[in-house]
Amino acid sequence: DGGITQSPKYLFRKEGQNVTLSCEQNLNHDAMYWYRQDPGQGLRLIYYSQIVNDFQKGDIAEGYSVSREKKESFPLTVTSAQKNPTAFYLCASKATPASGELFFGEGSRLTVL
Amino acid sequence: AQSVTQLGSHVSVSEGALVLLRCNYSSSVPPYLFWYVQYPNQGLQLLLKYTSAATLVKGINGFEAEFKKSETSFHLTKPSAHMSDAAEYFCAVSEYQAGTALIFGKGTTLSVSS
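Residue numbers (our numbering), protein chains in the order written: chain A, 202 to 314; chain B, 44 to 157.
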């Protein structure tokens, strides 16, 4: 079945450590997105990529980094510079940048100890 | 700039009662509008979408929404709530046929009591 796979589902990290969240899609979608979800704040855009080897910052990119070396993969690194990294992270994709609907993965919950 | 406002962070209804979740948007260009549902610790699932065709949009699980340009609204309704409808609901907007990301509201948690 086609879809978006995020891993790990749950991740614990000590302060000062970088962590990388994986996002893989087999939908052959061009565009991919990372959102952060905090209680009562909805979803906020971190980074997005409309094509391989290109990506743009979203509204809350500070302390995060991404890469898009392959069409199907869009990993997110949460760096030690992110001051409040504990959150639920959601990866999503669209067939093309101009198409409307986003398809979401199941999310990764990061907790900083 | 586009934005979405969901009125009411928490809505409670009885099983069998009407569900009404409110969403107002701001957009300077024709919008795409969406409603998504999220169950605890899961991703978001599309309920329905408006893409400039019919103003009354029917979605999955008996939900529907009406696009009202004059009111800049896209409220979600369901005639009869079921216990399984308890979840968080998000309204989202994007520019019509533009390569932009979706802008989400802050969400409304729906509780259903028996």
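Take these hints with a grain of salt, some might be off.
[To be verified] List time: in silico DSBU-like cross-link candidates among lysine-lysine, alpha-carbon distance up to 30 Å: (1) Lys215(A) / Lys258(A); (2) Lys149(B) / Lys92(B); (3) Lys149(B) / Lys112(B); (4) Lys258(A) / Lys149(B); (5) Lys92(B) / Lys258(A); (6) Lys149(B) / Lys284(A); (7) Lys215(A) / Lys92(B); (8) Lys111(B) / Lys272(A); (9) Lys210(A) / Lys112(B); (10) Lys215(A) / Lys149(B).
None of these hints come from the bench; they were simulated from the model.
Structure-based check of all given hints:
1. Lys215(A) / Lys258(A): It holds: about 26 Å lies between the C-alpha atoms, which stays within 30 Å.
2. Lys149(B) / Lys92(B): holds (18 Å)
3. Lys149(B) / Lys112(B): Holds - the C-alpha atoms of lysine 112(B) and lysine 149(B) are around 21 Å apart, at most 30 Å.
4. Lys258(A) / Lys149(B): holds (21 Å)
5. Lys92(B) / Lys258(A): holds (26 Å)
6. Lys149(B) / Lys284(A): Distance ~22 Å between lysine 149(B) and lysine 284(A) Cα, so the pair holds.
7. Lys215(A) / Lys92(B): Since the Cα atoms of lysine 215(A) and lysine 92(B) sit roughly 40 Å apart, the hinted pair is violated (cutoff 30 Å).
8. Lys111(B) / Lys272(A): Violated. Lysine 111(B) to lysine 272(A) sits at ~37 Å, over the 30 Å cutoff.
9. Lys210(A) / Lys112(B): With a Cα-Cα distance of about 40 Å, the restraint between lysine 210(A) and lysine 112(B) is violated, given a limit of 30 Å.
10. Lys215(A) / Lys149(B): holds (29 Å)
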